[in-house]
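Engineer: This is what each chain is made of:
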Amino acid sequence: MTTQARSRLELKYLTTVGFTADFGGRGFHLPVDISIRNDGRIFVMSRSSPIATPGMRIGIADLKHKFHGEFGSFGTDPGQFTRPAAIAINGQNHLFVADDSLNRITEFDSKNNYVRHWGETGDKPGQLSGPSGLVFDRTGNLLVVDHLNHRVQMFTKDGRYISQIGGSGSRRGQFCFPWGIALGPDGRIYVADWRNDRVQRFAPDGEFIDMHGKSGSAEGQFNRPSDVAVGADGFIYVADWMNQRVQAFDSEWKYQTSLRGQATLSPWATEYLAANDDERRARESFKPVIEVDTVDPHEVSARIESYFWDPVAVEVDSEGRLYVLETNRHRFQVYQSSSS
Amino acid sequence: MVRDAKSRLQKDLARMSPEENGAMVTTPASIETQLISHLLRRAGFGGTRDEIDRFSKLGYEATVEHLLNPPSVESMPQDIIRRYHVDQSDLRVQPATGANWIYRMVTTNAPLLEKIALLWHRVFATGQTKLIQGKVIVTQLEMFRRLGLGNYRDLLLALSRDPAMLMWLDNQDNHNGAINENFGREILELFSMGVGNYTEHDIYECSRAFTGWTIANTPYNTQKMRNNTARPYGYIAWQFKYDDSDHDHGEKTFLGKTGDLNGEEIVDIICEQRATARFIARHLYHHFVADEVPVPQWPHVPPKDPEAIELMADAYFSSGYSIGEMLRATFNSGFFKSEATRNARIKSPVEVVVGSLRLSGGYEWPTMDVYDASASCGYMGQGLLAPPSVEGWQGGEEWVSTGAMMQRVNYASRIIGDPSRPGVREIIDAVCRSGASRDAETLVDECLRHLGYLELGVETQREIVEFARGQVAQLPQGGVKQRDEAVERAVIAVLQLAVATREFQLA
Chain A
1 MTTQARSRLE LKYLTTVGFT ADFGGRGFHL PVDISIRNDG RIFVMSRSSP
51 IATPGMRIGI ADLKHKFHGE FGSFGTDPGQ FTRPAAIAIN GQNHLFVADD
101 SLNRITEFDS KNNYVRHWGE TGDKPGQLSG PSGLVFDRTG NLLVVDHLNH
151 RVQMFTKDGR YISQIGGSGS RRGQFCFPWG IALGPDGRIY VADWRNDRVQ
201 RFAPDGEFID MHGKSGSAEG QFNRPSDVAV GADGFIYVAD WMNQRVQAFD
251 SEWKYQTSLR GQATLSPWAT EYLAANDDER RARESFKPVI EVDTVDPHEV
301 SARIESYFWD PVAVEVDSEG RLYVLETNRH RFQVYQSSSS
Chain B
1 MVRDAKSRLQ KDLARMSPEE NGAMVTTPAS IETQLISHLL RRAGFGGTRD
51 EIDRFSKLGY EATVEHLLNP PSVESMPQDI IRRYHVDQSD LRVQPATGAN
101 WIYRMVTTNA PLLEKIALLW HRVFATGQTK LIQGKVIVTQ LEMFRRLGLG
151 NYRDLLLALS RDPAMLMWLD NQDNHNGAIN ENFGREILEL FSMGVGNYTE
201 HDIYECSRAF TGWTIANTPY NTQKMRNNTA RPYGYIAWQF KYDDSDHDHG
251 EKTFLGKTGD LNGEEIVDII CEQRATARFI ARHLYHHFVA DEVPVPQWPH
301 VPPKDPEAIE LMADAYFSSG YSIGEMLRAT FNSGFFKSEA TRNARIKSPV
351 EVVVGSLRLS GGYEWPTMDV YDASASCGYM GQGLLAPPSV EGWQGGEEWV
401 STGAMMQRVN YASRIIGDPS RPGVREIIDA VCRSGASRDA ETLVDECLRH
451 LGYLELGVET QREIVEFARG QVAQLPQGGV KQRDEAVERA VIAVLQLAVA
501 TREFQLA
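Sequence lines, in order, name chains A and B. Here the first sequence stands for residues 1 to 340, where the numbers follow our numbering. Here the second sequence stands for residues 1 to 507, where the numbers follow our numbering.
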């Protein structure tokens, strides 16, 4: 069965959640992935930096800007990670973390307690080299983007290898350093084929269906797409990472719209400014969108605070809300989708 | 004690000059190869044996052209770097910023662009110690790559509009009717003519001309910088803004020219001065040819080679202020190629680190090693994007201290002694294949060739051969051509000793 999304998509900005928190606490630091639990809790994986390893953790928030704590830390012990790249939540509300340096998948239960980890380094079937994307399929198996092996592997949730798709290359069904992965409402698999500048679509059994995109910055073109998400209505959202935007398509890959970002101050940010009156006053004359003398999207984003800056991950919740996570602004922006 | 030790080291290094150390013992190589090796050390970070052999076939002058006009400019792609090191995307602070530059320097196929960026980073020293955010300095470095070999007027004008520089020298506080002379003073003293070629009144008039040269959203961005805060959403990279309403449109007289001068006219006047040409020439000489005395002494100490400075200054004017033409004249000159110039300049820490890494390889894919490399430059006294003051690093003997020398030797020895690095592995395999370990002299010669045709002084050569003799004596008979652990250990030991020599510290 194929879900069709043929009507016109509209996206309306709702809110921004986030705050720079290098060393833990309410906020995020250089986040790389986001996952939404069925109770509305939003999990954000902060990858952080070599000098701010306390910032490496999973933070929990909700759309009402409540912060529900954090767990996980830098290290190689069980329950720790050194370069976390992706998270996913399964039907039992267990959260899985992919570490693209340790080449292991770590499982936490619904109360954020460490359960187990698995994964072996290598390029043989079932081995991992740079796991960077995770999603559970409809049968509860875990699809792992094994990006340095240019493939997607399927495992049971406790790490037993089942099958794989892909291989290195640019032909259909092949990948070049793939990154994010998503499951459509009909079980089809979408992979952000990062360095091929395209998104590929596969049947639940791994058979290649089609692909979309080529290198560029025009509508429908990509510059290193890092993630993909599919709504219940079939609309497809692509984090067009180096173009610093999110593009939306219908299920036939017909271009719908593009977002550049329009973040506002989150309540966490507002509270900070209220506590730092010199900055609050200085910000009174602040113009968030200014005319810039560069066309480089990365540089433009660096200069305009409300724009996406490294929109690395996208998710859609059951209410049709689109979440766009930005690494360099330590926040996510939320948009409500509707179609007419 | 420390001063004595430093003094000894300085004398030791001075002794490395050919005049005092006798002729350098060269590895068996043609003069062309020696010159190419010299050129790659100065205009880049040194060459591998393969690179030097390849350029030797091309010829010296063609190599100069290749360096000045590289057919392509490639290094590790930023998308790859940003994916693995997310902190090298927002480039907020060290070590991300320095590490990002290390990637560029180690992996580029156009090393002169990095070398010239290093020069301008030293001359136009801008530091994140004050600015807090490193991103704007990285953007400034990109401008140095783009304009650094071009027209000096373009470079100086871009520098005057560079947000990092404007904030570094407080020009956001330079207003019509409330002059801040910081930028106006330094553009004359440090960036163009040097002390003694202008008056205090010229500084004042120059500063007036740059009123209104600021950045967008000045109050908020300045406050964030002063508060050293990346909250709430990280830093906002600065954008140049010319505010005509804050510009002093009154009549000004600068270096004898009068009018409603704005910053552009000031830069024009500066670039017309012979003093500017000489000052820039001396910086180029200091960076590419031979160590000069520290810049603050320049008004009182004549250049080491006044004729060279005049030749470069002539090239500046005849080419319409082209830095590239000044360098072309330099690289093709007799003074640059002379034996007295070769192997006589003390490598900067960055040259030690990057040169070692370009030999060792291991940067074909992102690696956490890059943070160690960046930090090591700092331990040796040259923290990238963190110059000690507006005067940057003086270079030359400034690089020599007891602690720094230990760091330099240990770093090179650690990197070149690591057989897991692909470049080192290739060297070991090549030396083993050549059968060079059959006798000490051949083993040393072969190792020196692979270290970029490293030339040693007579005494050093004798000592390292003596050491190699001991290594060779321990090798099993007849097994020297195969990959044998004992042979590998001997090769590594000789390589490590070679990069621990005084000569390796020189370019």
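Since the hints were made in silico from the structure, they are not lab data. Using N, Cα and C, we set each Cβ at its ideal position, and we do this for glycine too. Just so you know, not all the hints are guaranteed correct.
[To be verified] Below, simulated DSS-like cross-link-like pairs (lysine-lysine); rule was C-alpha separation at most 25 Å, straight line: (1) A:Lys-287 <-> B:Lys-337; (2) A:Lys-64 <-> A:Lys-254; (3) B:Lys-57 <-> B:Lys-337; (4) A:Lys-12 <-> A:Lys-254; (5) A:Lys-287 <-> B:Lys-130.
[Unchecked claim] Residues from chain A shown here face chain B by an in silico Cβ test under 10 Å; the list is partial: (6) Gly-122; (7) Tyr-161; (8) Met-242.
Engineer: None of the hints should be skipped; say for each whether it holds.
Structural biologist: Quick rundown of the hints versus the structure:
| no. | hint | verdict |
| --- | --- | --- |
| 1 | A:Lys-287 <-> B:Lys-337 | violated, 55 Å |
| 2 | A:Lys-64 <-> A:Lys-254 | violated, 33 Å |
| 3 | B:Lys-57 <-> B:Lys-337 | holds, 18 Å |
| 4 | A:Lys-12 <-> A:Lys-254 | holds, 19 Å |
| 5 | A:Lys-287 <-> B:Lys-130 | holds, 24 Å |
| 6 | Gly-122 | violated, 17 Å |
| 7 | Tyr-161 | violated, 25 Å |
| 8 | Met-242 | holds, 6 Å |
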